[in-house]
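Chemist: Next come the chains, spelled out residue by residue.
Protein chains: 2
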Amino acid sequence: MKEDKIFPLGDMPIEEFRENGYKMIDWITDYLQNIEQHPVLPKIKYGDVKKGIDNSPPVNSEALQNVFNDLDKILMKGITHWNHPNFMAYFNSTSSGPGILAELLSAGLNVNGMAWHTCPSATELEEMMIEWFKKIFKLPENFGGIVYDTASTSSMHAIAAAREQLAHLKIREKGMAGRNDIPRLRIYASEQAHFSIDKSVVTLGFGLEGIRKITVDSKFRMIPDKLNEAITEDKKNGWLPCCVVATVGTTSTTSVDDVDEIGTICNAEKIWFHVDAAYAGTATILPEMQWIFKGIEKADSLVINPHKWMFTPIDYSLFFTKKLDVLKRAFSVSAEYLKSAGDEVINYMDYGIQLGRRFRSLKPWFIIRYFGAEGLRSRIREHIRLAKMFVQLMEKSNDFELIAPAHLGVVCFRAIPSNIKSEDELNNFNENLLRKINKSGKLFLSHTKLNGKYILRISISGLRTKEEHVIKAWKLIINTLKEIK
Amino acid sequence: MKEDKIFPLGDMPIEEFRENGYKMIDWITDYLQNIEQHPVLPKIKYGDVKKGIDNSPPVNSEALQNVFNDLDKILMKGITHWNHPNFMAYFNSTSSGPGILAELLSAGLNVNGMAWHTCPSATELEEMMIEWFKKIFKLPENFGGIVYDTASTSSMHAIAAAREQLAHLKIREKGMAGRNDIPRLRIYASEQAHFSIDKSVVTLGFGLEGIRKITVDSKFRMIPDKLNEAITEDKKNGWLPCCVVATVGTTSTTSVDDVDEIGTICNAEKIWFHVDAAYAGTATILPEMQWIFKGIEKADSLVINPHKWMFTPIDYSLFFTKKLDVLKRAFSVSAEYLKSAGDEVINYMDYGIQLGRRFRSLKPWFIIRYFGAEGLRSRIREHIRLAKMFVQLMEKSNDFELIAPAHLGVVCFRAIPSNIKSEDELNNFNENLLRKINKSGKLFLSHTKLNGKYILRISISGLRTKEEHVIKAWKLIINTLKEIK
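Chains R and E are the protein sequences, given in the same order.
Following the working numbering, the numbering of the first sequence begins with 1 at its first residue and continues without gaps.
Following the working numbering, the numbering of the second sequence begins with 1 at its first residue and continues without gaps.
Note that these hints are calculated values from the structure, not bench results.
Careful: at least some of the hints might be erroneous.
[What the hints assert, rightly or not] Part of the chain E face toward chain R, derived, beta carbon under 7 Å:
| hint | residue |
| --- | --- |
| 1 | Lys50 |
| 2 | Leu64 |
| 3 | Leu104 |
| 4 | Ala167 |
| 5 | Ile416 |
| 6 | Pro417 |
| 7 | Leu476 |
Bear in mind the structure is a predicted one, so any value in this text is a computation, not a measurement.
Don't be surprised by glycine CBs; every beta carbon is placed ideally from N, CA and C.
Isolated chain R, as found in the complex (with noise of 0.2 Å):
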């Protein structure tokens, strides 16, 4: 062989690029319109397919075939997946077309996004998609914002801001270590909060003890008054609240914190308010479901991820606050090579811990140009009545309770058959149950645990879930049980 055809410079040969990308099409249209043939969750061990990939990497080039059989022949027998219909764990974030094509496109120019000079078009379709975002929600016009890739990151940017927003304590000049002249500082959030509010408390420095968890009432929802007693009992105690955390739409059970009342009381206490609406954000597209946000007027950030609920491919998370200002004092650092255009353009690397920013918004704006605001309505409508259709099912059978009220796409149960009386075996039951289910390969539901409880979750947020799939969840559940009772 001649060394130029074993090591030739520059990229793929355009054409081999059209034929592979045409070949990768057809592959993501196969699996797509297959996808029930797979199990939902593969029925593999740890390490059954590290083992069918070579220990080091290829010394000389492949053709891209090998990589197409290798992904049918190892990869597959691994994939969890998130675009089944019956997958109904977690929040199902899907994938759609629109997005796919979005992603593509993204990767195929490249551009990264974190000046404006660097990429004009990603910074202003970014700007353009967020007042987009704020319409098809109703967020107050005074709300900026930005994209980021996780609600983890958001929401540890939001609490960055509020420590930022204490400006006297100079924290971003002198640090939080190994000084008398500041308090401990304390951020709020109900006991159902997502961990990733522990997360960011603990990366930011504050510590685990820089959390303090407020009781939630019998709908697992925090209990104003309980962080109305917080707040003065730590005030009173030395330390300084810097951030309360609202949940609209736990993790566990998508119960809403009470925005309005939550609200109030930081307004009054002049503490930064930051609400994680990652999951149920979207639902507020419906007016019938307004009424989660009500009060988010009160808000100083939020997060909303399309990519959860708004057949947006992971990743894209949307943070919105009216302390734009605050946000970027807590971010910009800046460098010298990154000067270039006037202060009037937004530099978005100026407002968060990433400099690289990929082009997010293509997602956006290629999804909701397809499917229209009144189509993803019809679609998150349909979600909502299906989980609804779910509940009534397991209301006429006398082995299941609902666990909390079921108003979005997700819905918490478990099963008391009879036969069982003490909690501890009924948990056991439970568990027996779900992995009998998740075993099966035809549905996948996740678990969580409410007052030491074992709770069942079923989540209906699948671009592809339709309703013939919701009762074929509900009959493989109740053949199960039946098995095992």
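Given chain R, work out where chain E should sit, using these hints.
Modeler: Same frame as chain R, now just chain E:
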């Protein structure tokens, strides 16, 4: 119109996806084939893109053809073409055919690799790719790793782990604020370190005073003796040294800190030693460039970004550490609903701030197999050759001077026309020269400031950059100089 025509449920019909997928592949094929017909930097003002986009989201579904049309009509005029062979600013990250296809596949599968069982293939392929990279970069066997989005994120995790290593301070539990039982903490990096280190330090709560910049020598490398002095002085003054960051390939000049010598200091002092090789790390796939990693076994952590110089669509940042357990302690906060598989599996969500994790490892799997390790080497070697060729061209002219050693793909230089005497005038002249070059649309260079001098920077790391593009760049530079001198 019937309602089910206007608002059907589910995804795009599958054959419509295939058809539009082919169309997008064709679009990207044409784009890459004709990339040189675009101006590298777009000739627009802030707001020119925005004004082409509707203020409100569409109510009804639109044909995807409209989006394709607007892509050409509205977005393309605001694209900075990172794939253009004469994009020679910053570190030019370019995509590649196999990388684009891997991103497409990732969006199609749309798995979330947060835990092993949420997609075993995502976790296990990530593990194997880390093994491949360890071999290709000749890293020590005891390094483990994880993939993050960007180097900024990677370095933040390094410094957070460094803090966690000081376990006796109980910062994870008690935080940093309002305690008189812990000292102030200090991070060290050279004056030439990337500003993401400053940003990490601020985010983590150390404050800007928590970073001490160490003087560099005439080749812009951290002076180890100065580091030693700083540590000694700080300890005397009650600071606790927490982390030292060496840079292998600084952003301005690609200078290489002495990893071996700095590592010796850190190991003796038991200070976490982080190496930021985001750009230059890729060069260590060449045996002749392995010297830049001499002493790397002394590092506690290391970041290398294949999305910078290994033809990987943004984002893909490799983080290596020999103390995965410390990293895990810093970032694991467990949640009931994600408990599922046993303790023996890796759940990457426990090692970082983000919970959601894209299937990024498909990218190196496609890229390394398609190009082969030797194919990657020949491309990186060619870039370094072209940079040296540029230096030779420049050295034949009396109008320019080289500002820093050019041992990688970047050359730092400035014009010194004989008629200009003062440094201020030289700075203005070079700034003007750069502005004129970049305005041409034929070439995009960036700049930096070194010792008060305004410096031009040419970076050769684009997959489509050939000798002819470097010659064209040089001719444009000298011709522009002649015009304005």
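Chemist: Each hint should be assessed against the structure and marked as holding or not.
Modeler: Quick rundown of the hints versus the structure:
Contact between Lys50/E and chain R, as hinted, is supported at the beta carbon level, the nearest pair being about 4 Å apart and thus within 7 Å. The restraint placing Leu64/E at the interface with chain R holds, with a minimum CB-CB distance near 6 Å, inside the 7 Å limit. Checking Leu104/E against chain R: minimum C-beta separation of about 5 Å stays under 7 Å; hint holds. For Ala167/E, the shortest C-beta to C-beta distance to chain R is roughly 13 Å, which exceeds 7 Å, and the interface hint is violated.
Interface hint at Ile416/E: violated, since its Cβ lies 20 Å from the closest Cβ of chain R, which is beyond the 7 Å cut-off. Because the closest C-beta pair between Pro417/E and chain R is about 23 Å apart, greater than 7 Å, the hint is violated. Interface restraint check: Leu476/E against chain R, minimum CB-CB distance 19 Å, threshold 7 Å, status violated.
Hint compliance for this structure: hints 4, 5, 6, 7 are broken, all remaining hints hold.
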